[in-house]
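There are 4 protein chains.
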Amino acid sequence: MKRRVRMGMVGGGRGAFIGAVHRMAARLDDKIDLVCGVFSSNTEKSSETGRELFLPKERVYGSYEEMFRHEASLPIGERMDFVSIVTPNFMHYPVAAAALDAGFHVVCDKPMTMTLEEAKRLQQRVRETRLLFCLTHNYTGYPMVKEARDLVKSGRIGIVRRVVVEYPQGWMALPLEAGGQKQADWRTDPARAGASFTMGDIGSHCANLAEYITELKIEEVCADLTSFVPGRALDDDGSVLIRFNKGAKGILWASGIAVGEENGLNIRIYGEKGTIEWHQMEPNTLIVRWLDKPFQVLRTATDFTGKASLAATRLPSGHPEGFIEAFANIYRSFAETLDRKLEGDQAAAGDFPGVDEGVRGMAFIEAVVESSQAGSKWVKTG
Amino acid sequence: MKRRVRMGMVGGGRGAFIGAVHRMAARLDDKIDLVCGVFSSNTEKSSETGRELFLPKERVYGSYEEMFRHEASLPIGERMDFVSIVTPNFMHYPVAAAALDAGFHVVCDKPMTMTLEEAKRLQQRVRETRLLFCLTHNYTGYPMVKEARDLVKSGRIGIVRRVVVEYPQGWMALPLEAGGQKQADWRTDPARAGASFTMGDIGSHCANLAEYITELKIEEVCADLTSFVPGRALDDDGSVLIRFNKGAKGILWASGIAVGEENGLNIRIYGEKGTIEWHQMEPNTLIVRWLDKPFQVLRTATDFTGKASLAATRLPSGHPEGFIEAFANIYRSFAETLDRKLEGDQAAAGDFPGVDEGVRGMAFIEAVVESSQAGSKWVKTG
Amino acid sequence: MKRRVRMGMVGGGRGAFIGAVHRMAARLDDKIDLVCGVFSSNTEKSSETGRELFLPKERVYGSYEEMFRHEASLPIGERMDFVSIVTPNFMHYPVAAAALDAGFHVVCDKPMTMTLEEAKRLQQRVRETRLLFCLTHNYTGYPMVKEARDLVKSGRIGIVRRVVVEYPQGWMALPLEAGGQKQADWRTDPARAGASFTMGDIGSHCANLAEYITELKIEEVCADLTSFVPGRALDDDGSVLIRFNKGAKGILWASGIAVGEENGLNIRIYGEKGTIEWHQMEPNTLIVRWLDKPFQVLRTATDFTGKASLAATRLPSGHPEGFIEAFANIYRSFAETLDRKLEGDQAAAGDFPGVDEGVRGMAFIEAVVESSQAGSKWVKTG
Amino acid sequence: MKRRVRMGMVGGGRGAFIGAVHRMAARLDDKIDLVCGVFSSNTEKSSETGRELFLPKERVYGSYEEMFRHEASLPIGERMDFVSIVTPNFMHYPVAAAALDAGFHVVCDKPMTMTLEEAKRLQQRVRETRLLFCLTHNYTGYPMVKEARDLVKSGRIGIVRRVVVEYPQGWMALPLEAGGQKQADWRTDPARAGASFTMGDIGSHCANLAEYITELKIEEVCADLTSFVPGRALDDDGSVLIRFNKGAKGILWASGIAVGEENGLNIRIYGEKGTIEWHQMEPNTLIVRWLDKPFQVLRTATDFTGKASLAATRLPSGHPEGFIEAFANIYRSFAETLDRKLEGDQAAAGDFPGVDEGVRGMAFIEAVVESSQAGSKWVKTG
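Protein chains in written order, with this note's numbering: chain A, 63 to 444; chain B, 63 to 444; chain C, 63 to 444; chain D, 63 to 444.
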């Protein structure tokens with residue numbers, strides 16, 4: 063790369079966890095410059111964030127419409143190349159659509175939209191504009207997730223029979239939204255979060271991760287969503303039986319009320335000849351069990367893992383890399399792809415999730431909600 | 063106890079894993095003498111096992127009918143006090159029923175019978191005879207399972223919201239039965255194993271364990287049983303969504319095709335204020351996560367666990383006790399209860415599973431099979 | 063075996079932890095009958111223990127001298143074949159010597175004697191009488207310790223360069239002996255425990271374990287013993303730098319004041335091509351790290367371990383075996399060896415530590431004490 | 063901060079692991095701009111690195127002397143504020159001394175110098191100039207190291223009795239230097255690495271970590287350094303018995319030949335009332351064992367840790383932070399302190415190791431080497 067690519071941001075003001083993560087991830091590999099933003103719908107808060115980020119005053123905007131209009135008027139090489147959308151869910155679609163319309167490439171947080179119908183419209187728009195679209199299913203950025211995907215693809219664990227993927231969190235075990243906690247507030251509001259809290263916020267990561275590693279497709283779901291905390295408008299726990307194509311079966315569990323669990327995403331994939339196990343909280347380790355030899359513990363950045371995994375690390379083995387580094391892998395791949403595209407390579411593609419994964423995610427969420435509301439498969443014991 | 067109680071055994075000849083376990087468990091605490099047995103339907107094999115056990119020739123019998131008849135004719139203090147039934151599933155009911163008819167107390171392996179209907183008949187018979195009946199859901203014998211139960215009962219983790227219980231094994235990932243492997247052979251034969259392999263063999267342990275610890279009752283199930291290995295007559299993998307009474311939800315997964323998994327029974331119980339986690343393969347540890355304090359690791363035989371747990375250990379902390387010791391706890395409690403009963407205490411009761419748990423187990427299995435065959439809750443994605 | 067071998071016991075009355083362990087270990091495999099004992103120097107306590115063990119009154123003796131005399135007068139096939147000595151350290155030598163003089167085979171707890179000089183006299187006596195002598199360095203009975211030994215012997219990890227062996231315990235962090243706690247009382251009394259608490263009680267296990275697995279010999283030590291608890295007459299913590307033969311180096315640490323540690327014996331062995339790691343508290347797992355391939359986790363009773371390890375298990379993989387089972391492996395090997403000897407095979411030998419290991423252990427302890435007291439740096443062992 | 067502070071760099075060209083780490087660490091929190099450098103003694107390599115870092119050509123220099131001279135001539139606000147020294151050991155002293163002479167603040171990698179004598183001269187120079195000096199004992203940047211320090215300081219684990227600190231690595235188990243591997247080459251050359259490989263490269267981290275957490279001082283060492291790989295000019299393994307002030311005892315082990323170990327720094331600290339355990343490879347977890355309650359697992363960014371630890375994290379709990387983030391904590395504290403200093407606060411001080419720690423580290427190394435070579439047992443440090 064001859065120069066860094068230029069990023070604008072929508073969302074991510076003070077108190078917004080995910081915006082800061084996007085910025086650190088974009089910064090880590092020195093390939094991206096943050097050049098402008100609208101960090102909050104509150105102009106004062108937005109300006110304050112801009113100052114903290116050492117941005118010139120004139121490039122902190124009052125609205126995303128203004129930002130897109132003004133940036134589009136700047137010369138290439140100065141204006142932003144892409145926008146990163148880190149707002150609550152309900153703003154993803156309008157901002158992303160407007161960015162595409164204004165000719166900007168897009169990085170967007172998940173879930174991609176509020177509905178499957180919106181998702182399909184966005185997919186259509188991305189295809190028409192041929193702009194880059196990256197959906198930050200960030201967990202696919204972990205080296206050992208890539209290693210797992212390579213292991214499945216190599217056939218070494220045989221045909222996949224069963225997947226168990228879980229995402230337990232405990233932070234929503236109390237009615238935080240009643241006390242106005244910002245993160246909990248919008249996530250439990252159907253108007254801002256969508257049809258399901260657990261499936262939109264974390265279940266969609268599970269579904270994406272299972273499909274990313276196995277390259278199978280979820281075909282049918284049988285689900286049970288529950289709202290445990292009294293007064294909560296959306297579910298805070300959900301379990302799903304899954305049927306993938308090619309006969310594989312799955313269990314998916316996502317929960318916000320799993321007391322004491324932190325960010326416990328984990329996945330196990332059982333093939334005919336081997337089993338893979340990965341835990342997000344110990345991300346540099348991949349456990350592999352075999353039918354015909356002792357079980358192994360693969361570790362990042364050793365001599366014993368594949369190219370994709372190795373390329374996704376920055377340090378020698380035993381020097382732990384974590385959440386930010388994995389997130390940065392998404393941004394790095396996006397930046398390099400964008401650079402090639404800006405240099406004229408129209409077919410440039412990278413290893414990051416896109417609009418198609420976003421459509422699959424919304425289809426998954428809607429099917430889970432529908433199944434959970436149906437009742438006829440339950441059988442009484444005794 | 064003034065003397066050891068006397069045990070006869072049906073089943074458990076050479077190559078039968080579980081019979082030897084029952085004998086070691088019965089032997090460990092020095093409260094039980096094995097005095098007679100019919101160890102195999104093959105008379106020669108039965109005699110050979112008898113010799114290896116240093117039993118007098120005349121108390122190794124050719125059939126259980128003969129054993130019950132002859133032992134009943136011996137004077138009290140010489141004849142067996144109870145029979146331990148360690149045969150394949152299809153023989154549990156006839157042998158147990160005959161033992162009760164002959165006036166003998168019973169220890170029986172699980173699942174209790176082949177059908178719910180048989181189970182109810184056996185329950186009726188136990189109630190009428192007032193003889194002791196112990197069903198070896200042996201995992202309830204582990205100290206940390208008792209600790210978990212006490213924790214729930216104490217209210218310290220609050221009302222239970224969610225249970226996740228798993229029992230992955232990998233030994234049935236290949237069609238062993240086709241090669242005549244004895245353990246696999248009968249377990250995959252509906253005529254000897256019953257309506258489900260996974261639910262009868264290991265799923266029933268999961269259901270029992272969840273109910274034992276939480277004191278909740280499984281009310282409804284929504285299940286998906288699969289037979290992955292070609293040509294196998296019974297399922298070898300099953301996942302179940304559960305609705306307990308009092309609004310709790312559960313996931314149960316039992317599998318024989320989980321390559322590389324050994325005997326991976328584990329359970330997590332999420333309450334309003336705390337979470338409990340236990341793994342059978344590291345049985346002396348109980349992880350407890352709290353809403354309002356750092357997570358704790360409880361260890362057996364320390365100063366920091368309850369009476370029930372402590373009474374179920376034999377060694378100081380850090381000296382690992384395992385499967386045999388937990389199994390022995392069932393036998394020890396049974397022996398002590400039987401001793402009190404023989405001394406005239408008709409109300410004697412111990413901490414071991416009985417005929418009611420057996421009925422619940424069979425009801426669970428039949429509901430799972432029925433739900434798995436129904437189809438209407440599945441929703442296609444997209 | 064045609065009959066069980068017969069055991070007498072000295073020590074192991076109520077409140078004596080290790081006596082009960084020896085009995086369970088002897089009982090587990092059904093090859094040994096306890097036929098007599100003197101369980102305490104207090105006759106009443108001894109009788110009470112005898113009753114609890116369902117022993118005939120006339121075979122619970124008032125002294126070991128009486129027991130040896132009377133048992134020797136009984137006919138073979140009735141009298142005890144061997145004695146198990148489970149007293150505090152200072153009684154090991156006199157009882158063992160008397161047993162040998164009376165013609166009885168011996169199982170003796172460690173450390174073998176109070177001094178190196180006693181140890182050498184006992185060694186001489188064993189050689190002269192040609193009776194079996196087993197020293198219960200019980201940790202060598204664990205399957206994965208045997209697996210580790212086989213791995214080293216096979217050359218697969220290359221020449222051993224470094225050993226780190228630790229035995230942290232926390233139970234002596236407070237002055238329990240001041241409160242009269244029985245186990246702490248004699249262990250901190252030089253007259254009953256010997257020259258060092260940590261080295262005699264647990265350090266000798268470390269030294270033995272390191273030598274057993276590596277087949278190296280400790281040649282020199284450089285030690286630092288500390289008595290942290292005020293008023294304690296013996297050390298309660300000790301660290302030792304070791305020089306083995308063949309150029310290997312070692313660190314040994316044993317402590318009674320390591321708060322919160324339970325029975326944390328563990329060992330790591332670093333060879334030129336591989337590394338072995340084992341923890342007593344998770345005994346069924348052996349971690350092996352390789353120079354040229356991913357690290358492996360070997361598990362007991364799988365298809366992937368050697369014969370010695372497999373022969374030391376009783377259950378399929380994933381069914382945890384623990385401390386009692388490992389201890390029972392020592393007793394089982396002793397019983398089988400004794401049976402062969404009683405049947406006339408004078409050369410019968412088993413896989414259990416003997417009098418030579420006892421001499422090495424006492425030499426180690428004395429060298430550590432000398433080094434700790436001296437200014438000169440390295441002290442030769444033995 | 064109103065503006066970012068400006069960094070120059072000496073060392074850290076292609077293939078130099080640690081330079082890239084320093085840059086990522088400096089970049090992560092957006093408080094530091096890299097403005098100039100001399101990345102290699104080879105001018106072409108240096109320029110190439112400068113281009114990759116998007117630096118203007120005129121600020122990539124041919125030598126550190128030139129860089130200091132030219133930068134000093136630039137106006138404040140444009141010239142570099144501090145230099146980061148990431149060369150092999152033998153260049154630390156001359157570059158640092160020259161930087162101080164030219165009026166620049168310094169960040170320097172460890173070990174600080176080649177000899178204790180150099181270290182003391184540098185200490186003198188820092189005191190005279192009153193410039194900021196930061197020594198990157200980066201492991202002190204981990205949140206759970208700060209938590210451990212706070213726990214000790216609070217008195218909750220009581221007076222510290224014993225420390226065990228280890229730093230096993232396996233990457234030097236083969237004679238890599240013979241093949242010209244760059245990292246191994248200079249580290250095994252006394253002229254560029256100093257008197258000890260293991261103590262300089264990793265042992266000094268151990269000593270610093272132990273002193274940082276406990277606030278004890280190492281007073282005496284008794285050491286054994288070994289060179290296992292044939293032909294190697296420096297040791298590749300070393301074990302040290304330690305006597306701290308206040309009666310605490312320690313074991314320190316550092317090794318490059320521990321096959322299969324990655325970057326296994328770990329420490330255990332045993333107090334009268336509690337024990338702390340931390341592993342660099344699972345850095346977000348702190349195990350705490352107690353005399354009077356169950357053992358706890360503290361986790362970063364939960365509600366249950368202290369302020370210093372919390373301030374050292376950027377993400378919610380369960381989102382793993384690693385080596386770069388810990389390193390960045392050192393840089394962030396340095397940048398904030400430097401900013402205060404530049405704003406006129408002459409007394410500004412931060413939570414990062416400095417020149418005094420560097421002197422202690424060199425004293426430790428020299429004492430270890432002396433003890434290892436000597437016959438006398440204990441050698442005083444410093």
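Hints listed in this document are in silico derivations from the structure and should not be mistaken for laboratory results. If you're wondering where the values come from, they're calculated on a predicted model, not measured in any experiment. Hints are not guaranteed to be accurate.
No distinction is drawn between identical chains; accordingly, a pair holds when it is met within one copy or between any pair of copies.
To be verified - Mimicking DSS-like on lysine-lysine, the simulated pairs with C-alpha atoms at most 30 Å apart in a straight line are:
{"#": "1", "residue 1": "Lys244", "residue 2": "Lys335"}
{"#": "2", "residue 1": "Lys107", "residue 2": "Lys403"}
{"#": "3", "residue 1": "Lys279", "residue 2": "Lys215"}
{"#": "4", "residue 1": "Lys107", "residue 2": "Lys93"}
{"#": "5", "residue 1": "Lys93", "residue 2": "Lys119"}
{"#": "6", "residue 1": "Lys369", "residue 2": "Lys215"}
{"#": "7", "residue 1": "Lys182", "residue 2": "Lys369"}
{"#": "8", "residue 1": "Lys182", "residue 2": "Lys107"}
{"#": "9", "residue 1": "Lys369", "residue 2": "Lys335"}
{"#": "10", "residue 1": "Lys369", "residue 2": "Lys244"}
{"#": "11", "residue 1": "Lys369", "residue 2": "Lys107"}
{"#": "12", "residue 1": "Lys64", "residue 2": "Lys355"}
{"#": "13", "residue 1": "Lys244", "residue 2": "Lys279"}
{"#": "14", "residue 1": "Lys244", "residue 2": "Lys355"}
{"#": "15", "residue 1": "Lys355", "residue 2": "Lys215"}
{"#": "16", "residue 1": "Lys369", "residue 2": "Lys308"}
{"#": "17", "residue 1": "Lys335", "residue 2": "Lys93"}
{"#": "18", "residue 1": "Lys119", "residue 2": "Lys64"}
{"#": "19", "residue 1": "Lys308", "residue 2": "Lys335"}
{"#": "20", "residue 1": "Lys107", "residue 2": "Lys64"}
{"#": "21", "residue 1": "Lys64", "residue 2": "Lys244"}
{"#": "22", "residue 1": "Lys119", "residue 2": "Lys182"}
Numbers of the earlier hints that this structure fails to satisfy, in rising order | Structure breaks hints 7, 8, 12, 13, 17, 22.
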